[in-house]
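Undergrad: Protein sequence lines correspond, in order, to chains A and B. Using this note's numbering, the final residue of the first sequence is 174, and nothing's skipped along the way. Using this note's numbering, the final residue of the second sequence is 158, and nothing's skipped along the way.
These are calculated hints, taken from the structure and not from any lab test. Do not rely on the hints blindly, as some may be mistaken.
Said to hold, decoys possible - Think about it this way: if two alpha-carbon atoms lie no more than 27 Å apart in a straight line, the pair counts; the simulated BS3-like pairs of lysine-lysine are:
1. K36(A) - K59(A)
2. K2(A) - K99(A)
3. K151(A) - K130(B)
4. K151(A) - K163(A)
5. K36(A) - K130(B)
6. K59(A) - K166(A)
7. K2(A) - K59(A)
8. K101(B) - K77(B)
9. K2(A) - K130(B)
10. K2(A) - K87(A)
11. K99(A) - K163(A)
12. K151(A) - K166(A)
13. K106(A) - K151(A)
14. K36(A) - K101(B)
15. K77(B) - K163(A)
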Amino acid sequence: MKRFLIPLGVFIALLIFLAVGLTRDPSDVPSPLIGKPAPVFSLPRLDDPARQFSTAELKGRVWLLNVWASWCVSCREEHPLLVEFAKTSTVPIVGLDYKDGNEDGKAWLARLGNPYTLAVVDADGRVGIDYGVYGVPETYVIDKNGVIRLKHTGPITREALEKEIKPLLAELAR
Amino acid sequence: MKAWRFLLVLLAVGFSGLAPAKEAVPLAADEAVEKRLLAISEELRCLVCQNETLAASRADLAQDLRREIRQMIHEGKNDKEIIDFMVARYGDFVLYRPPLKPATWLLWGGPFVLLGGGLWALIAFLRRQKLQAAPPLSAADHARARALLEATDPTDTP
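Okay, chain B solo, but in the shape it has when bound (with noise of 0.2 Å):
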């Protein structure tokens, strides 16, 4: 009976050390080149899964890509040219922050127009609102206004 508790408890802790070893695997050796890594692929557009970046992606694309970019940063290259080798190929789509160009104005200014836009619409209503509140009375109103006035009893109001 102690035998085979013992066995047990020994298939236990030899399963434990089993499962994490193989999760262990496609951590990479070092550490900077990764911190690199993610910090290039962080702003990167995955072509495969539009909305994810390049460091976020398990599409196989990604994987390769990221494993082209860590060649390159331990080649020695720096961030902007691996950012042009991507660009090169992919275009400025892979870019999560495009470069203002011709192409690029009404991506980057479009925002600005419609805040602007929106303020002088909003200044718009509110001079007309002004205006409107307070017209001008005309000597006849103010007659009437006087009129009403001293036609009401005070002692009908609290």
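Just chain A, with the same shape it has in the complex (with noise of 0.2 Å):
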């Protein structure tokens, strides 16, 4: 009996690590960015191309950065969640527009609601690029010392939003 008692660990621990293993999400992988400053960039307004925003403008502000794209079809799933949000945030979100032509992205947020306080256009994406994105929608919240907190990457769930971007916000007010 004793000599099937290895083995059996053995399967039991290998039977652990695949159940564990199941339970994680490959593509979420975790940012080298957390807790760095956040990329400084200037780019030009979605509703006014020779306007520019930069992210100095938001220094000493928490603030979310929501990468999105009006091709992205996960951002549709977000979106009403976002917009709800906006309505009793207190905190400014700018949108990145991803890769997107200008009147497709104006056209989306027409039809769809406007959550940003501001968007802003990445053309070309090097500003994704800079924060490391590669599955859009992602979402970023920046403290008031400019330094990344958290990364959330997929479309925002309610779970996600009331458990760890809320929260957060709230500690990072104080």
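Two chains, two separate frames, one set of hints: put the complex together.
TA: Right, here's the structure in full:
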């Protein structure tokens, strides 16, 4: 009987490893940028390309950066939640329109509602690369010191909003 | 009739020249830069289609990142600076050869631990078999064996 204990133990350990592996999302790659200063950028605004928005304008404030695009299907999924959140949000939400045409982005917001305090256009995707964007939508929480505190890859779920983003914003607002 | 055939040939020649002309466009001018780009991007993972290298992927992001790498090569950055640029943004996950550090000890050492465990189990198994194969005979066993041998009729054996 005893000789079966070791293989059984190995098998159970393997089972645990595989079970844990199944619950994890392989597309959710931990970002090395958490705890690091958010990359600085200056980009043309979606509503008025002649005007630029620079991250320096939000220095000393907690803000949210949401990366989206009119061609992005999952963005549509998270959009109603973002619109709802924007109504009560006390922090500015900056929308980074990633690799998108100006007109497409504007039409998209006009049709589905605009949750953004301000939207900017990252036409060639360079700012996206600086932020390590690899799957739109992505959301970043940036604190008063301009440090990235949280990154959410993929559409924001209600659970992520209530359990991660809102508590963090409340903590950072203090 | 002859003029018509001539026109047909002319058309065929004309079209055959058109098709490849379009496909040749993305080839970059500098061959040395492209070679380095290929060497670097083969070491990097495409974040979108995770089991493809950055060199092989046709994903939008991969094309953008190859553009960035190409530009950095033109700027005279060395391979390490380019790799560091990628790791700073996407983490160790972009590297097909992750660095050896506490978080990756299990990753690098795991296979050897498993191999060692397997070898140990094999040796233990073989040793036990060897011990079982040659059990020492007691005096009583010897006596029984002798009695059996003597009792056997030699003409019986082939």
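Undergrad: So, for every hint listed, does it hold in this structure?
TA: Structure-based check of all given hints:
The straight-line distance between the Cα atoms of K36(A) and K59(A) is roughly 15 Å, inside the 27 Å bound, and the hint therefore holds. A C-alpha spacing of about 62 Å is found between K2(A) and K99(A), which places the hinted pair above 27 Å, so the restraint is violated. Restraint check for K151(A) and K130(B): not satisfied, since their Cα atoms lie roughly 60 Å apart, outside the 27 Å limit. Annotation: proposed proximity of K151(A) to K163(A) holds, straight-line Cα distance about 14 Å (limit 27 Å).
At roughly 61 Å between alpha-carbon atoms, K36(A) and K130(B) are farther apart than 27 Å, so this suggested pair is violated. Restraint check for K59(A) and K166(A): the C-alpha separation of about 20 Å stays at or below 27 Å, so the hint holds. Of the pairs offered as hints, the one joining K2(A) and K59(A) is violated, with about 66 Å between alpha carbons and a cut-off of 27 Å exceeded. For the proposed pair K101(B) and K77(B), the alpha carbon gap of about 26 Å is at most 27 Å, so the pair holds.
At roughly 20 Å between alpha-carbon atoms, K2(A) and K130(B) fall within 27 Å of each other, so this suggested pair holds. A hinted pair counts as satisfied when its Cα atoms are at most 27 Å apart, and K2(A) with K87(A) does not qualify at roughly 64 Å. The straight-line distance between the Cα atoms of K99(A) and K163(A) is roughly 30 Å, outside the 27 Å bound, and the hint therefore fails. Pair hint K151(A) plus K166(A) holds up; C-alpha atoms about 13 Å apart against a cutoff of 27 Å.
This hinted pair checks out: K106(A) and K151(A) have alpha carbons roughly 25 Å apart, not beyond 27 Å. Straight-line distance between C-alpha atoms of K36(A) and K101(B) comes to about 20 Å, which keeps the hinted pair within the 27 Å bound. Between K77(B) and K163(A), the direct Cα distance comes to roughly 43 Å. Violation of the 27 Å bound is thereby established for this hinted pair.
In terms of the numbered hints stated before, the structure departs from hints 2, 3, 5, 7, 10, 11, 15, listed from lowest to highest.
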